[in-house]
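*Asks:* Given the coordinates of chain A, work out where chain B should sit on it, guided by the hints.
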Amino acid sequence: MAGPRRDQVLAWLEEVKDPEVPALSIRELGVLRDVETDGDAVTVVLTPTYSGCPAMRMMEDDVARTLARYGVPNVRVKTVYAPAWTTDWMSDEAKAKLEAYGIAPPGRIEGDDLVPLRRRAAVRCPYCQSADTTLRSEFGSTACKAILFCNGCQQPFELFKAI
Amino acid sequence: MTASDAIPGGGNGDRGTGNAGGLDGWVPGAAPSTATSGVVENPLVEYLLRLGDDRLVLGHRLSEWCGHGPILEEDIALANIALDLVGQAALLLKLAGEVEGKGRSEDTLAYFRDAIEFRNVQLVELPNGDFAATIVRQFLFDAWDVLVLEKLTGASNEALAGIAAKALKEAKYHLRHSAEWVRMLGDGTPESHERAQRALDELWPYTHELFSMDDVDAQAAANGIGVDVGALEPLWRLTVDRVLGDATLSVPGDGFAPRGGRVGRHTEHLGRMLADMQSLARAHPGATW
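Protein sequences appear in the order of chains A and B.
Residues in the first sequence are numbered consecutively from 1, following our numbering.
Residues in the second sequence are numbered consecutively from 1001, following our numbering.
For the record, the hints were derived by calculation from the structure and aren't laboratory data.
The beta carbon of each residue, even a glycine, is placed where N, CA and C say it ideally should be.
It cannot be assumed that every hint is accurate.
Interface residues of chain A toward chain B, partial, derived using beta-carbon atoms under 7 Å [what the hints assert, rightly or not]:
no.	residue
1	S51
2	G52
3	A82
4	A84
5	S137
6	F139
7	A143
8	I163
When the alpha-carbon atoms are kept at most 27 Å apart in a straight line, the in silico DSS-like pairs for lysine-lysine are as follows [what the hints assert, rightly or not]:
no.	chain 1	residue 1	chain 2	residue 2
9	A	K17	A	K95
10	A	K161	A	K17
11	A	K78	B	K1094
12	A	K97	B	K1169
13	A	K95	B	K1172
With the rest of the complex left out, here is chain A (with noise of 0.2 Å):
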């Protein structure tokens, strides 16, 4: 039998979202690096965003559940981890659906001296876009956020640290 194309499996795999951040595909999150075809089989390659990141494993049970569903049963997830993951690789397409699910966007990648994130350039508030934003902490619920607080419509919020 003739296998998928790569195109196709490139369009079910939209389906497999980030599960601590279902508003972006792991397309769009970058973590889907590429796809090879080769008859039935396809290879599915990814790279994790964070070396601990206990959300990997079940977006790789995602993507071999996924293309089973739309009968592709010989599915091979690769990892790399050259180049390493990145937030540059987010798309300013990714990074509006970011702001809308109400996670603060990543900025540019900074200077990677001692700086503390609390002295350097001012986050927008995803709910009220305000700037009067405080960091809280530089590590929250998940490892690539960090917490913060909004003086102007007085939520906390997180933001998806640049990396």
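*Replies:* Only chain B this time, still in chain A's reference frame:
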């Protein structure tokens, strides 16, 4: 006394002839004379275990803070950093197992080795102490870790270079976090200053091991896989002196440099930590959930 005197089964000299497992740039047969517990025969495996075990042990220590942090934000921060370190350890130990070629997975290496087979520096196995001690230890390690990983991104072994590039991004924000806390504690209240200085006095002797080189390190560095950590000490001191200066903390004088972790000689604390860390896996071998 050389390391081989202290290690049962070590120093038989018949190491390094093993399969080089697809690694680039490694010279097979150029066996280092340093003793090991006899479990590891391949110097690259030995080197990867050192890198992996530092992270596994420190990550586990940090995870002990989960639910006990002084404030919620720090509880979350330490758990996040622990997760990164354990994740990095899993990648490095997986690679070690693959290069070794004896079917040992990252889980086998983490849960079914005893203290004498662990290759981490003693600094990371010390008990957490108070928050100041945990933070000072983390800072001393992070400042070193960033430098080591920067070098390893150029390693001739592609898999190791990839893992290092990934881990480096994480190490940089670990350092940002721990350095900021060292400043706040050192330049904080009299009590926080005193506790931070006491932690620094107690931990400083253990930093020397971070920069000690044996034959395994030297050969790894010569083959473009490892790092000449000895050469990194002045760079490490630049970061450390800058942050300690901001923190109004002073480097203690010391004439004490405990070492031996790299060849399996550990403090009494590692065995107890492993008993806790490994108990579930050993009670239920092969369990999945």
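*Asks:* Among the hints numbered above, which are violated by the structure, and what are their numbers in rising order?
*Replies:* As far as the earlier hints go, not one is violated by this structure.
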